[in-house]
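One letter stands for each residue in the lines below.
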Amino acid sequence: MTSLLAVPAAPGFADPVGDAQRAFRGLLDAIAHPGRIVSLDARVAAPAPLVPAAAAALLTLVDFETPLWLDAAAAAGDAPAWLRFHCGAPIVADPSPARFALVSDAAAMPRLDAFAPGEDAFPDRSATIIVQVGDLHAGDGWRLAGPGIETTCRLAVDGLPDWFADALRANRALYPCGVDLFLAAGDRIAALPRTTLVEG
Amino acid sequence: MDGYNFAYLDEQTKRMIRRALLKAVAIPGYQVPFASREMPLPYGWGTGGIQVTASIIGADDVLKVIDQGADDTTNAVSIRRFFARTAGVRTTERTAEATIVQTRHRIPEAPLRDDQIIVYQVPMPEPLRWLEARETETRKMHALAEYGVMHVKLYEDVARHGRIATAYDYPVMVSGRYLMRPSPIPKFDNPKMDRSPMLQLFGAGREKRIYAVPPYTTVRSLDFEDHPFDIQRWDQRCALCDAGDSFLDEVIVDDRGGRIFVCSDSD
Amino acid sequence: MYVAVKGGEAAIANSEMLLAETRRGDPALPEIGTAQIASQLSLAVDRVMTEGSLYDRELAALAIKQAQGDLLEAVFLLRAFRTTLPRFGASEPIDTARMVVRRRISATFKDVPGGQILGPSYDYTHRLLDFSLLATGGAPADAPRAPVDPGPMPHVLALLDREGLIEPERDSDAGAPVPDVTRDPTTFPTDRATRLQALARGDEGFLLALGYSVQRGYGRNHPFAGEIRLGEVEIEFTPEELGFPVTIGAATVTECEMVNQFKGSAKEPPQFTRGYGLAFGHSERKTMSMALVDRALRARELGEDVEAPAQDEEFVLYHADNVEASGFVQHLKLPHYVDFQSELVMIRGMRAAAAAGAPTAEPPLRVAVGED
Numbered sequence: 001m002t003s004l005l006a007v008p009a010a011p012g013f014a015d016p017v018g019d020a021q022r023a024f025r026g027l028l029d030a031i032a033h034p035g036r037i038v039s040l041d042a043r044v045a046a047p048a049p050l051v052p053a054a055a056a057a058l059l060t061l062v063d064f065e066t067p068l069w070l071d072a073a074a075a076a077g078d079a080p081a082w083l084r085f086h087c088g089a090p091i092v093a094d095p096s097p098a099r100f101a102l103v104s105d106a107a108a109m110p111r112l113d114a115f116a117p118g119e120d121a122f123p124d125r126s127a128t129i130i131v132q133v134g135d136l137h138a139g140d141g142w143r144l145a146g147p148g149i150e151t152t153c154r155l156a157v158d159g160l161p162d163w164f165a166d167a168l169r170a171n172r173a174l175y176p177c178g179v180d181l182f183l184a185a186g187d188r189i190a191a192l193p194r195t196t197l198v199e200g
Numbered sequence: 001m002d003g004y005n006f007a008y009l010d011e012q013t014k015r016m017i018r019r020a021l022l023k024a025v026a027i028p029g030y031q032v033p034f035a036s037r038e039m040p041l042p043y044g045w046g047t048g049g050i051q052v053t054a055s056i057i058g059a060d061d062v063l064k065v066i067d068q069g070a071d072d073t074t075n076a077v078s079i080r081r082f083f084a085r086t087a088g089v090r091t092t093e094r095t096a097e098a099t100i101v102q103t104r105h106r107i108p109e110a111p112l113r114d115d116q117i118i119v120y121q122v123p124m125p126e127p128l129r130w131l132e133a134r135e136t137e138t139r140k141m142h143a144l145a146e147y148g149v150m151h152v153k154l155y156e157d158v159a160r161h162g163r164i165a166t167a168y169d170y171p172v173m174v175s176g177r178y179l180m181r182p183s184p185i186p187k188f189d190n191p192k193m194d195r196s197p198m199l200q201l202f203g204a205g206r207e208k209r210i211y212a213v214p215p216y217t218t219v220r221s222l223d224f225e226d227h228p229f230d231i232q233r234w235d236q237r238c239a240l241c242d243a244g245d246s247f248l249d250e251v252i253v254d255d256r257g258g259r260i261f262v263c264s265d266s267d
Numbered sequence: 001m002y003v004a005v006k007g008g009e010a011a012i013a014n015s016e017m018l019l020a021e022t023r024r025g026d027p028a029l030p031e032i033g034t035a036q037i038a039s040q041l042s043l044a045v046d047r048v049m050t051e052g053s054l055y056d057r058e059l060a061a062l063a064i065k066q067a068q069g070d071l072l073e074a075v076f077l078l079r080a081f082r083t084t085l086p087r088f089g090a091s092e093p094i095d096t097a098r099m100v101v102r103r104r105i106s107a108t109f110k111d112v113p114g115g116q117i118l119g120p121s122y123d124y125t126h127r128l129l130d131f132s133l134l135a136t137g138g139a140p141a142d143a144p145r146a147p148v149d150p151g152p153m154p155h156v157l158a159l160l161d162r163e164g165l166i167e168p169e170r171d172s173d174a175g176a177p178v179p180d181v182t183r184d185p186t187t188f189p190t191d192r193a194t195r196l197q198a199l200a201r202g203d204e205g206f207l208l209a210l211g212y213s214v215q216r217g218y219g220r221n222h223p224f225a226g227e228i229r230l231g232e233v234e235i236e237f238t239p240e241e242l243g244f245p246v247t248i249g250a251a252t253v254t255e256c257e258m259v260n261q262f263k264g265s266a267k268e269p270p271q272f273t274r275g276y277g278l279a280f281g282h283s284e285r286k287t288m289s290m291a292l293v294d295r296a297l298r299a300r301e302l303g304e305d306v307e308a309p310a311q312d313e314e315f316v317l318y319h320a321d322n323v324e325a326s327g328f329v330q331h332l333k334l335p336h337y338v339d340f341q342s343e344l345v346m347i348r349g350m351r352a353a354a355a356a357g358a359p360t361a362e363p364p365l366r367v368a369v370g371e372d
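If you read the protein sequences in the order shown, they are chains D, H and W.
Letter by letter, the first sequence follows residues 1 to 200 in this note's numbering.
Letter by letter, the second sequence follows residues 1 to 267 in this note's numbering.
Letter by letter, the third sequence follows residues 1 to 372 in this note's numbering.
What you were told as hints is all true, and nothing was included just to trick you.
List of simulated lysine-lysine pairs, DSS-like, C-alpha gap at most 30 angstroms:
no. : chain 1 : residue 1 : chain 2 : residue 2
1   : H       : Lys140    : H       : Lys153
2   : H       : Lys153    : H       : Lys192
3   : W       : Lys333    : W       : Lys65
4   : H       : Lys153    : W       : Lys333
5   : W       : Lys263    : W       : Lys110
6   : H       : Lys192    : W       : Lys333
Just so you know, these hints were derived from the structure itself, not from any lab.
This is chain D alone, in the form it adopts within the complex (with noise of 0.2 angstroms):
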């Protein structure tokens, strides 16, 4: 058992300020273009089940103001310590009040009205989740318009329930309320914000 005072064996990021500074500018690059694949290039050596993009998000997103909620399969690892002790995030059991979600097992994930989508006064108030999914490829797949995107690009995720594109657009119907979503393959990320409309 890992002690919460015990430094955990894998390091954050080898520079924290340069490091998040880039994670961010990648994160601020694939949300201002939905659909956008971007190499976020972290070097960060999460514990399992963490990719790298995902651990990077967290690094640089995450912090003691910010519950976060885990998936069973990343809350029962190193992960949680490993969080603790570089995000100091308080770590909820319950998806509803966290600001911020992480799914390492997408196929087993809640729907997404399980986390909170915003008031209509405060819509920022709302989760953004972080799906790690099998792969993601440019040019085939959805089709997404919407705000970010000129006119339309596609975008092809693996590893996603049957159900996630309908719960896009259920999601999509509550603007300006919704959930933000990042999807993580490896160390690369793209963004479903909620104003973008996802077809097919």
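Using the hints provided, position chains H and W relative to the given structure of chain D.
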């Protein structure tokens, strides 16, 4: 600079601002409340823009800072010097070379690209504030997309003056949902915001709000079908570079009313 | 001539050098030291610490020296330093009943347990310029001091509380996290803890004017100065790893408890209500103004009509901070010639249209806003 973090802000503050920025981009035109910090520069002098820039800037960035379109106005010099001191980044006066442009009151004449970010300094982020002073009320109006008071104000302008009597900080609708203040840029610059490839970030430090317009997002200047939005035009050309399509500053050259017109964008 | 309207790095550097010269004043005179400021301009230091939200006499004195005695500029300097300091946590609530009291007065009872202690005060000085202070080198005579009673000095309002005549102190949120208006954006409606924090940092002049407006009838709430006390309190902090409080220092504070009338409501019988003020150092005018405004801002909670400026929490909290206000008022010095040029073009156009006798245009036919 010794004793301070890269780009002045501590990492916890940057994380908080970065989270606000991602939500701002996800909800175009919506004002995200953020825990604006007390900066070593005065409120009203660009503290919101500075906090946004400090949260996004990295060692590889090239920064351009303009005020009134010019790189050499005192406050632009002061802010550029702040980042040169605290972040050691390269600065430029050329729009095309910059990765980040921080601006007060202008959008550069040269169109920005997909890989460039513009950061606006915002004094008053709330487009409805002069029609309704209360934040609790304007927040409800945004929640309900209830923008009738603005329509009435513009209608009264047309009825009284024959035109919409707003020349700068001209209200816009972003992506068909949120009414937004573009910051006090002249309405001449409004069309540059519409479906632009650049990422547009807005920081209001004193009012503690961040908002954004993602690339390729519709930004419509409010108007009426029979009183369409139009921009300022000058009969004159720039006295220095002869440009005929730019925003011109009027410079009084003597005490007998003599004046010349020059480009506001010094690039 | 075009360059003349613009500044540059050299101009800013020159301006800062001129400022340093002006700050030093006549070099023939000895330079003022921060220890002198901290000791002899102590009320200025108290104000800067209070509104700067940082208890550090030396740094407040430095800020006053650096700002040439401009207290708002000094508050700004202290705040900009404070914002860079790491937070370790919140202290235990200070216990002002255990204050080592130097001054304590109540306007509600002729005598109270523990007594009235006038202490140092300008209250009964005749405001005659003391020309003897023009000369330096003299020392004041030793003031007689009554022996300090080391026992706790109960609050006057606690006596009213015992009879049930005043609303009880509500400490139901004693375990709640301490809000921090410097770390969280304020959203409305606010709770009292957030308001008191904002008022403690608020500009003394602004709160003074608002408190005065309450007395003159703009949201009148019939105040009495229940008690004002000045003295030293211990600051305790509970480190995570220890789990019990340890004393980390002491601070001088002024506390004001106002007693206000309340005519009662459907749920509550008529009773007195409270307004509270607390500030670093010796800051009576500030704490009294704060207590008046605190009580006025409780109008909604107490079921009173919100009609006057002092009762309007958005109005008060958005405008109480002098660093925000000073920055925004003074930003008008920045160039605005692009905006102004836009207005010039518009006004000239409108005047030309008026001179040409153009009829006012037809009102618009159809609103096209909000469509894409």
